[in-house]
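Q: With the hints as extra help, turn the sequences into a complete structure.
Our numbering numbers the first residue of the sequence shown as 1 and each following residue consecutively.
Treat the hints as calculated values from the structure; they're not laboratory data.
Treat the hints with caution; some may be incorrect.
[To be verified] Derived Cβ-Cβ restraints for the label pairs, each shown as a range: (1) Glu190 <-> Ser165: 16 to 24 Å; (2) Val35 <-> Val263: 51 to 59 Å; (3) Val263 <-> Ser165: 38 to 46 Å; (4) Val370 <-> Glu344: 17 to 25 Å; (5) Asp6 <-> Ala209: 17 to 25 Å; (6) Thr264 <-> Ala44: 54 to 62 Å; (7) Gly188 <-> Asp46: 49 to 57 Å; (8) Ala44 <-> Phe238: 21 to 29 Å; (9) Gly368 <-> Glu109: 45 to 53 Å.
For every residue, glycine included, the Cβ atom is placed at its ideal position computed from N, Cα and C.
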Amino acid sequence: MPEVTDEHVARATWSRLAEPGDVMTQVVLRTVGTVESLEWLRTASDVPPALIERVERWRQRLELVDISRELKVARHVGAHIVIPGDPEWPTALDDLGDEAPVALWVRGEIPPLDRAVALVGARAATRYGERVAADFAVGSIDRGIAVVSGGAYGIDAAAHRGALSGECADGATVAVLAGGVDRLYPAGNETLLHRIIQTGAVISELPPAAAPTRHRFLARNRLIAAMANATVVVEASFRSGARSTANHASRLLRPVGAVPGPVTSAQSAGCHAMMREGQATPVTTPDELAELIDSAGATPIAEPLVASGPLDDLPEDQARVFDALPARAAATIPSIASAAGLTESEVRGALGLLELAGKVRRSEHRWGRVRP
Numbered sequence: 001m002p003e004v005t006d007e008h009v010a011r012a013t014w015s016r017l018a019e020p021g022d023v024m025t026q027v028v029l030r031t032v033g034t035v036e037s038l039e040w041l042r043t044a045s046d047v048p049p050a051l052i053e054r055v056e057r058w059r060q061r062l063e064l065v066d067i068s069r070e071l072k073v074a075r076h077v078g079a080h081i082v083i084p085g086d087p088e089w090p091t092a093l094d095d096l097g098d099e100a101p102v103a104l105w106v107r108g109e110i111p112p113l114d115r116a117v118a119l120v121g122a123r124a125a126t127r128y129g130e131r132v133a134a135d136f137a138v139g140s141i142d143r144g145i146a147v148v149s150g151g152a153y154g155i156d157a158a159a160h161r162g163a164l165s166g167e168c169a170d171g172a173t174v175a176v177l178a179g180g181v182d183r184l185y186p187a188g189n190e191t192l193l194h195r196i197i198q199t200g201a202v203i204s205e206l207p208p209a210a211a212p213t214r215h216r217f218l219a220r221n222r223l224i225a226a227m228a229n230a231t232v233v234v235e236a237s238f239r240s241g242a243r244s245t246a247n248h249a250s251r252l253l254r255p256v257g258a259v260p261g262p263v264t265s266a267q268s269a270g271c272h273a274m275m276r277e278g279q280a281t282p283v284t285t286p287d288e289l290a291e292l293i294d295s296a297g298a299t300p301i302a303e304p305l306v307a308s309g310p311l312d313d314l315p316e317d318q319a320r321v322f323d324a325l326p327a328r329a330a331a332t333i334p335s336i337a338s339a340a341g342l343t344e345s346e347v348r349g350a351l352g353l354l355e356l357a358g359k360v361r362r363s364e365h366r367w368g369r370v371r372p
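A: Here it is as structure tokens:
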């Protein structure tokens with residue numbers, strides 16, 4: 001079991017406090033410090049307006065958290081926590097910027113993901129879709145490409161089984177869950193998920209006992225997309241959650257592929273739409289899948305979502321607000337909004353985060369830069 005440091009404990013706690021993808025969490029950790037952030041949460045009185053509601057919610061949850069128990073439950077099921085900087089941490093997740101998970105709870109061991117594909121699609125898959133997913137997974141493993149998916153019924157399960165099948169019994173595959181790893185969900189795939197743990201990993205950004213809810217399923221899709229060099233949608237209806245995974249991949253500038261299907265099949269309508277709209281490249285063989293992976297290079301090509309630049313890597317809205325402030329005077333929110341080209345609500349939120357970062361200060365109804 002890897003060593004558990006104070007930072008591991010702090011990040012494990014935050015994984016219970018904050019919902020997946022909450023960018024404000026990363027802002028707090030980066031600004032206040034990971035270990036120091038929990039004490040700040042308990043004692044801070046001058047909370048920026050943009051954080052007041054979240055801080056209240058976090059404090060309510062913090063009163064109920066017993067992180068020692070959480071870690072004990074994790075150990076009981078053979079899970080451990082992985083945080084940024086650990087050897088096992090998938091560095092491709094860093095491309096999510098402030099949407100990156102604060103930690104991962106892991107059962108098994110995350111395999112190398114320098115060449116990986118996300119194979120995703122409909123839960124109510126057709127036999128055609130399941131066969132293609134399995135064949136693509138086998139072909140990926142044979143070509144040294146790891147398979148990432150969501151552990152769900154249908155295409156996900158077929159992809160995982162393909163990665164583990166036959167001569168590919170040691171195939172590298174990762175299942176990303178939308179709930180705690182102590183509960184292998186869905187129950188009908190429990191045996192499959194146990195097999196994945198033996199040769200790969202079942203992971204989640206949520207702590208033990210966390211329930212898989214709809215918004216958590218949608219949030220975990222960004223992890224599936226980020227951990228892979230490319231995403232291939234095998235089957236998807238117009239409203240399929242698999243399309244959200246493809247959208248996350250596109251945001252990360254990762255290639256997206258889609259498998260053509262029968263024009264009469266509703267389960268291929270989403271794939272056809274992505275190809276028609278130019279979002280996805282048609283993929284019909286494992287060789288074409290490998291070409292899609294190689295077009296992304298051996299490592300992720302996306303730039304982090306947090307912009308880098310002369311303003312200390314500020315996100316775009318904060319940089320625009322900071323730039324709009326007079327160099328040696330203070331300004332009202334309406335004048336800042338006019339200069340920045342943002343709404344007053346957006347300016348208030350950005351100013352709150354800049355205040356937390358110590359870059360601006362408020363004097364009655366005016367805001368100004370903090371001079372070095």
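Q: Each hint needs a verdict: does it hold in this structure or not?
A: Verification of the hints:
1. Glu190 <-> Ser165: 16 to 24 Å: Taking Cβ atoms as reference, Glu190 and Ser165 lie about 18 Å apart, which means the hint holds.
2. Val35 <-> Val263: 51 to 59 Å: Since Val35 and Val263 have Cβ atoms about 56 Å apart, the given range 51 to 59 Å holds.
3. Val263 <-> Ser165: 38 to 46 Å: Check failed, 30 Å falls outside 38 to 46 Å.
4. Val370 <-> Glu344: 17 to 25 Å: Between Val370 and Glu344, where Cβ atoms are some 22 Å apart, the hint holds.
5. Asp6 <-> Ala209: 17 to 25 Å: holds (23 Å)
6. Thr264 <-> Ala44: 54 to 62 Å: holds (59 Å)
7. Gly188 <-> Asp46: 49 to 57 Å: Distance hint for Gly188, Asp46 holds at roughly 50 Å.
8. Ala44 <-> Phe238: 21 to 29 Å: violated (45 Å)
9. Gly368 <-> Glu109: 45 to 53 Å: Check passed, 51 Å falls within 45 to 53 Å.
Of the numbered hints listed earlier, those contradicted by the structure are 3, 8.
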